[in-house]
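A.B. asks: Chains as they are written, first to last, in this note's numbering: chain A, 919 to 1520; chain B, 21 to 353.
If the Cβ cut is set under 10 Å, some of the chain A residues that face chain B in the computed set are:
1. A1156
2. P1181
3. M1194
4. V1205
5. A1206
6. V1369
Listed next, with one range per pair, are the computed distances between beta-carbon atoms:
7. S326/B / M1496/A: 52 to 62 Å
8. L1401/A / K347/B: 30 to 40 Å
9. Y239/B / L1401/A: 51 to 61 Å
10. A350/B / Q1400/A: 36 to 46 Å
11. S44/B / G1268/A: 25 to 35 Å
12. E1178/A / E321/B: 13 to 23 Å
No lab work stands behind these hints: they were computed from the structure.
All C-beta atoms in this analysis are idealised placements derived from N, C-alpha and C, irrespective of residue type, glycine included.
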Amino acid sequence: MRSIQVCGAGRAGDGTNTNISMLGQVLKDLGAWAFVWREEVYSNIQTRDTAFGLRAADVPVYGPDDEFDILEAFDQGAFVDWTGEGRVPPLARLRKGGIVLYDSSPRLEYPNAGHEVRPEQVEAELKAREARLFGLPMGRMAKEQFGNYIVRGTIALGVLAHMLGLPEEAFARRFVRIFGEGSDLFRLNLEAFRAGLEYARAEGWELPDLRLPLTPREDDERQLLLGNEAVALGSIVAGCRFYAGYPITPASEVLEYMAEKLPSVGGVVFQADSEMAAAHHVIGGSVAGARAMTATSGPGFSLMQEAISAAGMTETPVVIVVSQRGGPATGLPTKVGQEDLNETVFGGHGDFARIVLAPTEPEDAFYMMEKAFNLADRYQCPVFVIYDQMFAQSTYTTPPLDPSRFTIDRGKVVAAPANGHNGRYRRYALTEDGISPRAFPGMPGIHTIYVNTNEHTEEGYITEEMVVRKAMVEKRVVKRMQLIVRDRDLPSPVVHGPADAPIGFIGYGSVYGPVLEAVERLAEKGQKAKFMALRTIWPFPGREVRRFVDSCRVVYVVEYSATAQLKGLVQREATGPMPRKLRSVLRYDGRPMTPGYVLQSL
Amino acid sequence: MAVYTPEKPLTAAEITGPGAWWCSGCGDFGVTAAFKDVLVALVNELGVPLERVFVMSGIGCSSKEPEMLRLNAYHGQHGRSIPVAMGVALANPNLVVVDFGGDGDSYAIGMEHFVHACIKNVNMTLIVMNNQVYGLTRGQASPTGHLGLKTSSTPEGKKVRPVNPLKLAIAAGAAFVGRGVSWKKKELAELMLRAIQTKGFSLLDVFSPCVTYHREPGYRGSGAIVDWYRLNYVLDIQEAWREMRDQVFSEEERAHLPSDYDPTSPDAALYALRLIEEAAKMGREVTGLLLVNESAPTLEEALGVSPERAPALADISVEGNLERYRKLLAELR
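One chain only, chain B, in its complex shape (with noise of 0.2 Å):
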């Protein structure tokens, strides 16, 4: 069934789009580049066929995604991408479905939808282009705005709680838990193949900078924001495993803890908790592979649809059903 051979390559330029939306510099950039190093590599070594990825969006900068590529996609409203997302992985399994939301799309006015989606365990991905901001309204501070971030709507620095988008899908029970950042491509690109390719719901959050929104003292000009969350913002989770051990784990602990923190892990869910809590005290947030766990099943395990018992793909003849409708009617006399 794939289009793409060995001889005839699917290549990026092929999947482009003709969108032209983010400002320059923009950490969006560098998620789309990633994705489409993914694609290829779903398409061209792994044999996945093109037509089944399916892309989803709401709003905000983030939204602006299939614009960018020339793929099967839904551009929907703000915060319903996910459950548009999920009807669609629920009537089709045999699909890839991707969602890329922004922080106020999927942590904000879509809230609801994402705690679910990761209760339920629906098998997609969600990819959180996360920027602390609203962007595309023009800067006011977003859900995962830090305290004290001046913003146009937090004139003296934002007062109220951030949410921590990666505590809410450990705690409701996500497959894939990460956290990306934009200026890696490779890392990120690893990271999302990952996350498409476990089953069950996978969070990948990613900062992906607002280079003209998004001011924090002292960091002036173009790609200083990258700087800011480079040197003061982000804390890798390896790097947080072997700093943070002593404080975070008593001496007991500590003697049966690997060397390397193991996403894998069963007790995974439990040290990316603690391993948050301590960086947020000095005022970090963590970043890299936090979790995989694929043993819950999935929604589409849960209500029997699978890739060969597709809802999309049934039979819907009415000579081919004859028998069993006439019986549901018999039923009712």
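Excised from the complex, chain A in its bound form (with noise of 0.2 Å):
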């Protein structure tokens, strides 16, 4: 693999997203795997330090590397914690012989413009990691030649492609479509763009170290998207009509990407007025026969407990995504946690059915929302996909999607007009395989789909009887988790590496890229390891855990929870203790796993 790594380091609101952002899809469109984070983002829209990562590789990349080989500094907290609270800036990551690209300005006067970059104030720390430097005056020329400081990071961008001997056609498709052909935009930020091309030109700032081989592909139809947009488009894919969701970080992308283009196709997004309500609008879609699904992380994800309980009792299917962030409460808002995964295993109160899918990045993401739907119909319970802030707000390069792959399964829905039963539909028919055909309200001839959170008769009606009670738990739960364990749809596991490896990684959601790329190195340096990543984690997959730890000497379960959750579940459902076998690499300090963090912790 060649890859190469760029970080930009700004202040949150100066353009450094998009000058990331930009890299990164010219990068894609030149035939790159192009994968970019959120490597430094706090809960705030201007002032605080800001960092983005990018990395662009000839092959597929799901996550981060350890070090940067380009710095682009637009403010002084790329070098320096300058509030003192222990933040460690970007340039603790640069590799050696790294470059830095810096803001040369003096502090300008604009409301946003930060610090001025000193570079000498890290002298000895860029000596010793032998940065070449190239100081760039961007802020003052975007003021003086454009009349606009955001356009800094377009020069900045004019002079990496120099730099990286990227072609300005490129750029200029890309302009295009952002700003509009012919935009005012459009003009100002090529003109910028030039403006950085032609002083690196100007000063012989060459990088042939850095130049990846690319080669743009004919007819390149790979997808460039969030994994939250995945996610959304895979669900719309699936036939969901009906989306109701409370704005929350790091799961707000599905909601906005909904509001955009569910209506195009039909469907209905309602802005609730909390997740409380949320969950309770998307019970009601589901009820109408719409397929619904709402989004949240953490603290909307408590208020929907009830909601939840709610849908398991009722047989009503409903998808909910779970993009989890560091908690508790309200915790770590923007940066990544995976200490929801119990709460999504084991949360609304009551016994009842549910599945939990963990989609390993986008492309098996939006095949796996068709599961989704199809299971959550089939079944008549909440389906859940549980993820992380660094899959749901990371863009990933992923190949062409292709929407034909799907297939619509509603599950039991009776035929309208209903005869059976004496004319008369019974939501819950006690049948042979516990699941009663569905029916809405609507349909032709029937009135009596009686809905029911409380115990109830075949015909929905309240009873605490203890003979209906117990025929009603085990068609809820009983038969219900025994029919879902066996379907063929649950995604399996992935299983990465050598089968007679004795170091063995388990892992789901985000960690998938870092892990892949621990096992590689391990192998590189002659050590066998395997990795197993989970795709679906309810009904947990015992059998195939199981045998996985049995044929390794020791297994490392990676997540970002300090209680080491996944590993709970591991021992719980396939393993038992296994003090020593069974071991853990732990993130709990909300910055993304890569893949010497994980070997560093073995």
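Bring the two chains, given one by one in their own frames, into a single complex with the hints.
C.D. replies: Here is the structure:
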């Protein structure tokens, strides 16, 4: 693999995100596999330090590497922890011999202009890293030549384009897509880009050692999308036509994408007044017959627990996306965590059937949404799709996604008009497999669809009688889980690495990329390792996990949780305690897992 | 589509469920009887297919309403019937959604949803069986319990200010605001029908006395609590309009007022609020039809759904949408 990793470090709202995202888009257009992530983002819109990472490679990549080849310093925060809060500035991850492209302008009088960048303050560290410094007065150029401070990121792109040998046309094409052909913003950005390009050419700045061998693809249909967008898109193709949600990081992009696109296919999006309301709206939408979903994160997920219990009791199919962030409570709103696994698997009061799916990367997620909605309808239960902020808010390059691969299975639905049951439809009819055919209000001739959160009879009427109660519990939970476990649509774990490897890793969500690469690096050092990525968490794939663990000498469960929630599930559902064999690689500082982090924890 | 014809009309017996939940003499029986009359009229006279009626309820004595019926229904959790009803209404605007709440259900634990439903103007009807107590948990004071009301949770009499749902609904912009009483079936049925037919969110609060737990000094024995309401508590809006005009309105205003209270007047919201305030000074609560205003767009209209464009009935086939899906994918390259 050949890859290049760039960090743009500035202040929130100063265009750093745009700078890195555009560079990622252009590299993807030129044939690379680009991955863009939020290296450092606070729950803040302007003024705090911010850093975005870009990795581009000649093969698909699913996560960041440990070190940056290039650091774009738009603010002194790239070098120093100027607030003194114990922050680790991005410079700490610059590789030996790495490039620093910094804004050499004096401090500008702009509201969000930030701190003057002064590499001399970190001279010793730069020297120790043998950093190659390039000072570009981009802020001043932006102000003096273009009268617009925000284009300094575009000037920096021009410089990087020259240094890395990236063609101007590739940037121009993206500017057209983003700003509109011939628009003022298009012209402004193209001119700023050219100013940077010319500056670098005049200075003779070249970086031949960092150039990726890139070949643009013919009819490149690869996607470039956020994890959250892949989930939203997959849900639309899976037939979701009802979305209710409440804004929350890192799940809002699902709401936003749905708000923009769902009405165009006949769906409705409602921004509810709380997650509690949203989850109940979703139940209503589903009872009315629509495929319905919501997406949230920890605090909102807690508010949904009541509705989740109701969906379980009423046998209402709902799809709930749990995009985890650091907790508990408000926790780390913009940073990664995997602390809500237990709440997803065990939350909602009472016993009921549920399914928990976990995509590894966006291509997986896109197709997994088909399974999520089909399973929800087939088993008339809540289906959770769980992942984390690094997956949700990172941009991945995926192979072309194919909607024609989807099939829609709505499970058991009565044929209208109903004529069985003496003309009387029974919502909870006891059937051999325990699944009662659904009917939707408005179906001609059916006016007895009674959905009930109390314990109920076959007709849906309240009962507390022990015989009916027992039959209903067995129908709703016991038989249902037995059926679900055997369903071939449950995504199976994927295992990477040689079967006879003595070192094993287990994980889910965004640890996928970093652990894959950790396994590869061990192999390069002659150490055999393998990795089982879980894609169904509930029902827990106990047999597969047990076999995997049995085949290893030592197994590391890699997760973003101080209490090792996933390892706890492995022990509970598959292996028992196994204190010597079963170990953990944990991260709970809110920062992304990397291959090096995994390896140094062994 | 209608199953019921003039030759074979819908009867109340066909939509009567097996439920036997309420105490003898409970006001909720009156509410149920009126609702059945309304349903029969809706189906037989107004041609609404019975299968399009969807009844909701939460928790409390009121929530047993679907048990007394045989209809498409959802019996949900405490306070959460409104958001579920909103979901049903948004997913399929062909449905007639009628939610039965209690005063604890709608005005305490579900208050958030109640106020938002008024503001959002979702096209549904909320009928609240208001009895001032939590009957199903044995008689604690509810949010509508009047000051001084003695219950098991207010042994010295209620000291915390009660909620006034009518004022709230008016202020929050509900399309229909009215209050019925359970012992006057015909009037109650008229209010219900009007509420259901109103486009937008309808609040019909109904005094539905609890004969078991609502005790007032001097009113002992079965049925006495209805007398208390009749003699001491309620005041019809038309009567209030006639009797309180002099106190409420200035001479200048009175010159322009119609002789009867007009709930469809553009000023009805302000008039109603003033009459409610004035009645409260005498310890009275107004009843009747306070407000009908269909001028605001419904939530359905605001979000672009309609009977013809119902999300629950949308084409979700992959073949039928493939071109649109491919376009969405192409945007993300």
